[in-house]
Amino acid sequence: MASEVREATKPVPLEDDLSRPFREAALEGGLLIQRCRSCGSHQFYPRRHCVTCFARDPQWVEASGAARLHTFSVVRRTADRAFADDVPYVFAVVELAEGPRMTVNVVDTPLDELRCDMPMRIVFSRQADDLVLPNAAAAGPS
Amino acid sequence: MSWSGEVAIVGAFESPRRKAPGMHPFEIQAECVLGALDDAGLSLGEVDGFCTSASSAGEGGGWMDVCEVPEYLGIEPTFVDGTDTGGAAPIAQAGHAASAIAAGQAEVVVVSSAGCAYSGGGDFDTLPPAWGPLAYEAPYGFTTVAAYALAAQRHMCEFGTTSEQLAAIAVQCRSNAAGNPDARYREAMTVDDVLASPMIAEPLHRNDCCVVTDSGGAVVLVGKDRARDVRKDPVWLLGFGEAVGQMRMSQMRSFTETPGAVSGARAMAMAGVEPSGIDCAQLYDSFTITALLALEDLGFCARGEGGAFAESGAIAPGGSVPINTDGGGLSSNHPGRRGVFALIEGVRQLRGDGPGVQLSDPRTALCHGCGGQLSATATMILGV
Chain A
1 MASEVREATK PVPLEDDLSR PFREAALEGG LLIQRCRSCG SHQFYPRRHC VTCFARDPQW
61 VEASGAARLH TFSVVRRTAD RAFADDVPYV FAVVELAEGP RMTVNVVDTP LDELRCDMPM
121 RIVFSRQADD LVLPNAAAAG PS
Chain B
1 MSWSGEVAIV GAFESPRRKA PGMHPFEIQA ECVLGALDDA GLSLGEVDGF CTSASSAGEG
61 GGWMDVCEVP EYLGIEPTFV DGTDTGGAAP IAQAGHAASA IAAGQAEVVV VSSAGCAYSG
121 GGDFDTLPPA WGPLAYEAPY GFTTVAAYAL AAQRHMCEFG TTSEQLAAIA VQCRSNAAGN
181 PDARYREAMT VDDVLASPMI AEPLHRNDCC VVTDSGGAVV LVGKDRARDV RKDPVWLLGF
241 GEAVGQMRMS QMRSFTETPG AVSGARAMAM AGVEPSGIDC AQLYDSFTIT ALLALEDLGF
301 CARGEGGAFA ESGAIAPGGS VPINTDGGGL SSNHPGRRGV FALIEGVRQL RGDGPGVQLS
361 DPRTALCHGC GGQLSATATM ILGV
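If you're matching them up, the sequences are chains A and B in order.
Just so you know, my numbering puts the end of the first sequence at 142, numbered straight through with nothing missing.
Just so you know, my numbering puts the end of the second sequence at 384, numbered straight through with nothing missing.
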């Protein structure tokens, strides 16, 4: 019997108790990050403790959505069939105004305008009925 | 207690294979273990310590390989280390093995690594289910090349590093590989050739990326007492350091400094040497940017000056710090993780039998591994 050819599907984030507030906020177009109740540091991705001062139980806060493009790569080739039709796409790390960095795709932005540290805003891309991912786009002229 | 100068590598073997379709990585690993023991004049029956790790099917497992491979070899070790810091792992394991030998916990330790990235490694970029930290990265089309490209892009932004300067590293490795009969690629290559190769993930071109091979290697470590009665002159472990940073790029404290700054400083402090006292550096070169960052992290040049340094000829034979004298991962061999080859080439240089470029009477070699996405490093300084 021929070997099974698996369908190439993009990884779907598995929701759990910790990620649920973040995922549910994204469905409504909001970006939740965490803020330490003790030292005030913000962090992303979520944990049940602060990675700056190690205090427990950081609180969820809504991020402003303002960010800068810390670094990026225009992906021209990938061996991952799930993303092969997307090239060229922009794999990037943005730095939120609150401090934490997050992985995103840069969308709705001409590739030749991409520069490190350029102002960005967080936008939301619907992947499925129950999945919206935060991404980033050029903030545009201020 | 420092074991500097108390433990030696007495056997080393790099598989000459580069393409091995139809072979399981354990076959290559066994070949390498036996080859390294032959080199030392020791037998498998004398091995009481064994170190290996894997993180994919292309490396023959990813699940308790430090039990799998001893079974395959037919040994029952009483010291094992399966530390998995990716490409840095074999160097980290050699450091841990030295501690075990110095503490009397083991006598003859083999560190071994093999993978079939060319023939069997299609899963290198296949991620496990996106649960936990991965859930915030996996949906965005992570690729290994793109991850390193983020570091290259940021280095260009902060310091004005150019694609030509990155290419100079690949060109040097190719030049070194020319004389290495086993190197995956030996034909001459120019900076223009690198820039003309297909863009994979900007700013990294195909020829900024390591070769993809099926291969492996192993080294044998013993303490001072056993080192006297082996076949070849021992190569002493003088200094070791390891450091773990962050697993994923979004969490990196800096995109232009890796844990190598820590592991390198620790290794040099233990060995009592400065960067200027290193005669050759076998640097991890999964990508040109990986080696460039290592040059800066290890103090061979100032932060931000890696590009100009690479272009200056400093990394060529006869330069202040010749690198990757066998052709490195960029031209010779990279079956998924290549830390063991840095150790092996360090040993070969100090013995005077480098297969690519043999330097004139080097006395110290720095071997540097980097794993994950600039996530963890291990640095070993060897001397004779």
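Everything labelled a hint here was simulated from the structure, so no lab data went into it.
Hints are not guaranteed to be accurate.
Restraint ranges, calculated between C-beta atoms of paired labels, are given here [as the list claims (entries may be wrong)]: (1) 15/A / 16/B: 30 to 38 Å; (2) 269/B / 52/A: 27 to 35 Å; (3) 40/A / 206/B: 43 to 51 Å; (4) 62/B / 130/A: 38 to 46 Å.
Derived coverage of chain B by chain A (criterion: at least 3 residues anywhere in the stretch with Cβ under 8 Å from a Cβ of chain A; other residues may be distant) [said to hold, decoys possible]: (5) 94–103; (6) 223–234; (7) 318–324.
Predicted, not measured: the structure shown is a model, and the values here were computed from it.
Think of the CB as a built atom: it goes at the ideal place given N, C-alpha and C, for glycine as much as any other residue.
Status of each hint after checking the structure:
Checked against the hint of 30 to 38 Å, the pair residue 15/A and residue 16/B fails, with Cβ atoms roughly 49 Å apart. Distance hint check: the CB atoms of residue 269/B and residue 52/A are about 28 Å apart, consistent with the given range 27 to 35 Å. A C-beta distance of roughly 46 Å is found between residue 40/A and residue 206/B, which places it inside the suggested range of 43 to 51 Å. At roughly 31 Å, the beta-carbon separation of residue 62/B and residue 130/A lies outside the given 38 to 46 Å, and the hint is violated.
Evaluation of the coverage hint for the region 94–103 of chain B: breached, as 0 residues show C-beta separations to chain A shorter than 8 Å, against a requirement of three. Interface restraint, the region 223–234 of chain B with chain A: violated (0 residues with C-beta to C-beta distance below 8 Å; minimum three). For the region 318–324 of chain B, the proposed coverage by chain A is not satisfied: 0 residues have a C-beta within less than 8 Å of a C-beta in that chain, short of the threshold of three.
The structure fails hints 1, 4, 5, 6 and 7 (numbered hints given earlier, in ascending order).
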